[in-house]
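Q: This is what each chain is made of:
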Amino acid sequence: MAIKVKVMDRPIEEVSYVRATLSGLALTFKHMVDPHKVTVQYPEERWDISPRWRGTHRMLTTEDGKAKCVACGLCPTVCPANCIKLVPGEDEEGNRYPLVFEIDEFRCIFCGYCQEVCPEEAIHVGRHYENAEYSRDQFVYDLERLTAQTHPVCEMWDPADPKGE
Amino acid sequence: MHLIPSLLQAVVEPLPVSTGIFVVFSLLKLIVIFTIYMVGIAYSTFAERRISAWIQDRHGPNRVGPWGLFQVLADGVKNFMKEETYPGEANTVLFVLAPALAFVPAMITWAVIPFAAPWGSPWGRIDMVVADLPVGFLFTLAISSLGVYGLTLAGWASNNKYALLGGLRASAQMISYEIALGMATVCVLLVSGNAHLTEIIQQQSTSGWNVLILSVACFIFLVASFAETNRVPFDLPEAEAELIAGYHTEYSAMKFSMFPISEYANMITAGAMISTLFFGGWDIPFTHWDNIPPYTGLKVLATFGMFAAKVMFFMFFFIWIRWTLPRFRYDQLMSLGWKFMLPSALAYVTVVASTILGLDAAGIARGSWAYLGIMLALNLVLVVLMFFVLDRGRIISPASSRLNRRQVNQLKAVAPALSDLSGKGV
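Top line first, the protein sequences correspond to chains A and B.
Take the first sequence: its letter number 60 is residue 60 in my numbering, and every next letter is one higher.
Take the second sequence: its letter number 302 is residue 302 in my numbering, and every next letter is one higher.
Worth flagging that the hints you see were computed from the coordinates, not collected in a lab.
Predicted, not measured: the structure shown is a model, and the values here were computed from it.
It is possible that some hints are incorrect.
[Claimed, not checked] Cβ-to-Cβ under 8 Å is the rule here; a few derived chain A residues that face chain B:
{"id": "1", "residue": "G24"}
{"id": "2", "residue": "T28"}
{"id": "3", "residue": "K37"}
{"id": "4", "residue": "V117"}
For every residue, glycine included, the Cβ atom is placed at its ideal position computed from N, Cα and C.
So that you can see chain A by itself, here it is in the shape it has in the complex (with noise of 0.2 Å):
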């Protein structure tokens, strides 16, 4: 492959610094004085969040408030971060519950593959990003904290459908 000398040809009479500067200025001044500004007064206005947006995670119930989850265990297997902890527990029915459901946020990388394998539709990654706790462990959502998130959401994205009308 050739090399491309790049030759700084500007005819000296259009080599100008004074001038360069008056345009310069012109245009900050202008910018300076247009009220239109980029920045979003965060507390009160907010950005509207992509509806494929994957936050904290929420686990979503049945009508009489259980979670959904029946602990097939397909969530710990496919989570390529190993957040996700998951004792299975049956009851006399032979209907199979988590025992214990905890999510590590700090480990998960929110790929959304958990939402994704679930065949209840049971777990969710949601739309939604102020998780601010005052301290670590608070990171580690236990079932009861799962359920209990009413944020939307995440809709997953459909290869039928790829720009989601």
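Starting from the structure of chain A, add chain B where the hints point.
A: Same frame as chain A, but now just chain B:
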């Protein structure tokens, strides 16, 4: 036994009442100027942040208080509360002294700058300047060159290679541009024939502002004061891309804060000097109302407002330039200072001196319309020459050495051959 009362009497009694008035009013002026100056510095940092934000289509600090006006208080509290660190091998005495050395000269300069019309008070005429030095102009030059010690010592005492490089750059840059700065102000002395700042202002109020008849000197003074205050595009001593933070790399908390404070202090002082030397100081243009007695309190306030407006305009100009221009390379800085600013300042002094000499010989009175017209025309010609003829890749070259047409053609002739060779070889 009676020694102490008699001594006291000896000290107190010979003092006339006018001395007492002088002392009282000097103290008052000191307090007022100091307060306004410090508040001005604090709010310049705020103005810098807001204006930079607006230029970048942002809002800037607008949360603390109405329009964010209390942000400076929050900054001050933060800086006082922070932990101060000392580098292990630093020279502690100089390390502590340097921030003060950077700040004090900028402040002392204000002692001789007249900030308003004199006040004809019931106790006699009070000049609105803290110390009305007859050599005030030389005093400002002498004091402002001391500012370089703070920066250089900060860099040296930190025992840090980046800080040292920043300090060295600061000293080289400030000394280089001081020469052009001094040369530019020689013209003011030529025109006014006096080194007394009050007289320089009086001369401008009667015969037009110096910026009209000394435009090139004003331009050189303005550019040199950017270099003196280490502002973009001449902030080589800080140059965060190359030197972390330059001479104040090792500083923290309030000692660090002293450097920005001294930078803004220097900016205000530079703005006040430009206003005084070239823009008529406290003179209100297009009227002689403010220059003639009786000097009432209203005139003092009006002229002070005018002076403050001029200084604030230059503060805004400093900030505006900072968010417009990129930083110079070090060789560009030096070649601009030594190869352009200094020769053009020298040439300009020669031209102005010979013109004034010629006009005096021709019998045209100083301050007359003919004199002003000739000086104005001369400056117009020189400005056009400077901005449209000299400013062709010569003031600042985009590369270290500018190619002329012949060199470009030579390169173009060689370039295809070079690319062919490399294509075959590799």
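Q: Determine for every hint whether it applies to the structure shown.
A: Now the hints, each set against the structure:
Among the interface hints, the one on A:G24 holds; its C-beta lies about 5 Å from the nearest C-beta in chain B, closer than the 8 Å criterion. The closest approach between the C-beta of A:T28 and any C-beta of chain B is roughly 5 Å, which is under the 8 Å cut-off, so the hint is satisfied. Look at A:K37: its Cβ gets to within about 5 Å of chain B, closer than 8 Å, so that hint holds up. The beta carbon of A:V117 is not positioned within 8 Å of any beta carbon in chain B (closest approach about 42 Å), and the interface hint is therefore violated.
Comparing the model with each earlier hint shows a violation of hint 4 alone; every other hint is respected.
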